[in-house]
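Please take these sequences and the hints and turn them into a complete structure.
Residue numbers (our numbering), protein chains in the order written: chain A, 339 to 486; chain B, 20 to 278.
In case anyone wonders, no lab produced these hints; they're calculated from the structure.
Among the hints, erroneous ones may be present.
[To be verified] Each computed BS3-like pair below joins lysine-lysine, with the alpha-carbon atoms no more than 25 Å apart:
hint : chain 1 : residue 1 : chain 2 : residue 2
1    : A       : K420      : A       : K438
2    : B       : K222      : A       : K438
3    : A       : K438      : B       : K145
4    : A       : K384      : A       : K340
[Unchecked claim] According to the in silico footprint, chain A covers these stretches of chain B (three or more CB under 8 Å from chain A):
hint : segment
5    : 43-57
6    : 71-81
7    : 106-115
8    : 139-150
[Said to hold, decoys possible] So the derived label-pair ranges between C-beta atoms look like this:
hint : chain 1 : residue 1 : chain 2 : residue 2 : range
9    : B       : A59       : A       : P423      : 54 to 64 Å
10   : B       : F204      : A       : L347      : 26 to 36 Å
11   : B       : S33       : A       : V474      : 55 to 65 Å
Positions of the beta carbon are idealized from the N, C-alpha and C atoms, including for glycine.
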Amino acid sequence: MKPRSKRLLLVGGAVALLVGAVALVLTAFQQNLVFFHTPTEVAEGKAPAGRTFRVGGMVEQGSVKRDADGLTVQFAITDTAKVIPVSYRGTLPDLFQEGKGAVVQGTLEPDGLFRASEVLAKHDENYMPIEAQYAVDQAQKAAQTVQH
Amino acid sequence: MMKEKLSRSTEPKSWLRFSAPQMFYPLAGKMAPWFAAVAAVLGVVGLYIGLFVAPTDFQQGEVYRVIFIHVPAAWMSMFVYLVMAFWSAVGLVMNTRLSFMMAKALAPTGAMFCFVALWTGALWGKPTWGTYWVWDARLTSQLLLMFLYLGFMALTAAIEDPRRSDRAGALIALVGAVNVPIIYFSVSWWNTLHQGASVSLTKAPSMASTMLAGMLLMAFAAWAYTIAVTLWRVRSLILERERHTEWVGHELDAQEGRA
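See below:
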């Protein structure tokens, strides 16, 4: 074997081994690499109880209610299968909206209420002009009126 | 072995002759200004489309315009690292000096793009997510890439002997390359705060076409810029490494004569 092919095998083999090792490590730490849990996972008891963790999902339509003090907000996070009620005291990010993604950090109370200490808006990968969004809304409204 | 080398030297038309630093030096000098010009034109057109022509986003408003810098910079930071790893592997296998110089010349530009991606991302994150930084898989692996670039540059600069310096750098480049697919796929493998890819090879882009056009133009500008700067940088690396040779002496005399 030519020394050059030997070196190619050596470098290729080393890189392949390394990729394998990293893949194994990442699979082993799968749970720890997750930034947030879904409401379904929380309902199944997969989220760490008694510790601070994050829940991510959609802010349920019509669920956002502000308390009289003007600072505390109640809303619900859903992944369309399960719903988690959230209570949060503080300012919300600009992009926080009903029907949009959000990630909340806090602890789960025994009664099932999630007490959030931080709320982040999760943006999706769609970018479009305002006019296009308006057209989409109109089309959806039209479709709904046809159904009713 | 000897015969192989002889047959190659009698075949001057092969493009492999440019793997000799002495041959590549003038070629790089000829190509670099063209790529720089292309980068300037694409950059101006891309920024114009991005800042003046592209419509306001329905959700984020004007703040989304950071993508015209952020996304090309992030793409480039990952791609440049893969190219560095490629040249390092070629250098280790073929024992070509120029390959290592290419890897070394790419590193500062990759690091610059990596920093720009992290920095613009933080500035965008505050108004959009509500925070400058979170330790999710995408952001953390991109920060690791920054450290890999800095580590590569520090290590290669710290070792005096060029041969050992090249080999040590090649090791970081190859090992760190494993991180690049992790950065890219992190948003689909794990739950992250960072959104998924809007543009990929496997699906139609989820983005208005003028926005996409501006972003792609900026991405091509970043490519051309990277090629131009790398060629210029590799030229000075060649002069530095080959300073004891006769041709560098002639070259420097000629340059002084022109000046």
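* To do: Check whether three or more residues of the segment 43-57 of chain B sit with their beta carbon closer than 8 Å to a beta carbon of chain A.
  => Violated, because only 0 residues of the segment 43-57 of chain B bring their Cβ atoms closer than 8 Å to Cβ atoms of chain A.
* Pair hint K222 (chain B) and K438 (chain A), alpha-carbon separation not exceeding 25 Å -> holds (23 Å)
* Is the gap between the beta carbons of S33 (chain B) and V474 (chain A) within 55 to 65 Å? -> holds (57 Å)
* Apply the coverage criterion to the segment 71-81 of chain B and chain A: a residue qualifies when its Cβ sits closer than 8 Å to a Cβ of the chain, and three qualifying residues are needed. => With 6 residues close enough to chain A, the hint holds.
* **Cβ separation of F204 (chain B) and L347 (chain A), checked against the hinted range 26 to 36 Å** => holds (28 Å)
* Does the structure keep K438 (chain A) and K145 (chain B) at a Cα separation of 25 Å or less? -> Judged against 25 Å, a Cα distance of about 17 Å means the pair holds.
* Verify the coverage statement for the segment 106-115 of chain B against chain A, using a C-beta to C-beta distance below 8 Å and requiring 3 or more qualifying residues. => With 5 residues close enough to chain A, the hint holds.
* To do: Given the hint of 54 to 64 Å, check if A59 (chain B) and P423 (chain A) actually sit that far apart at their C-beta atoms.
  => holds (55 Å)
* Asked: Given the proposed pairing of K384 (chain A) with K340 (chain A), does the C-alpha separation stay at or below 25 Å?
  -> The given pair, whose Cα atoms are some 55 Å apart, is violated under the 25 Å limit.
* To do: Take a quick look at whether K420 (chain A) and K438 (chain A) sit within 25 Å of each other, Cα to Cα.
  => holds (16 Å)
* For the segment 139-150 of chain B, do at least 3 residues have a Cβ located nearer than 8 Å to some Cβ of chain A? -> This one holds; 5 residues, not fewer than the three required, reach chain A with a Cβ under 8 Å.
Of the hints listed earlier, those the structure fails to meet are numbers 4 and 5, in rising order.
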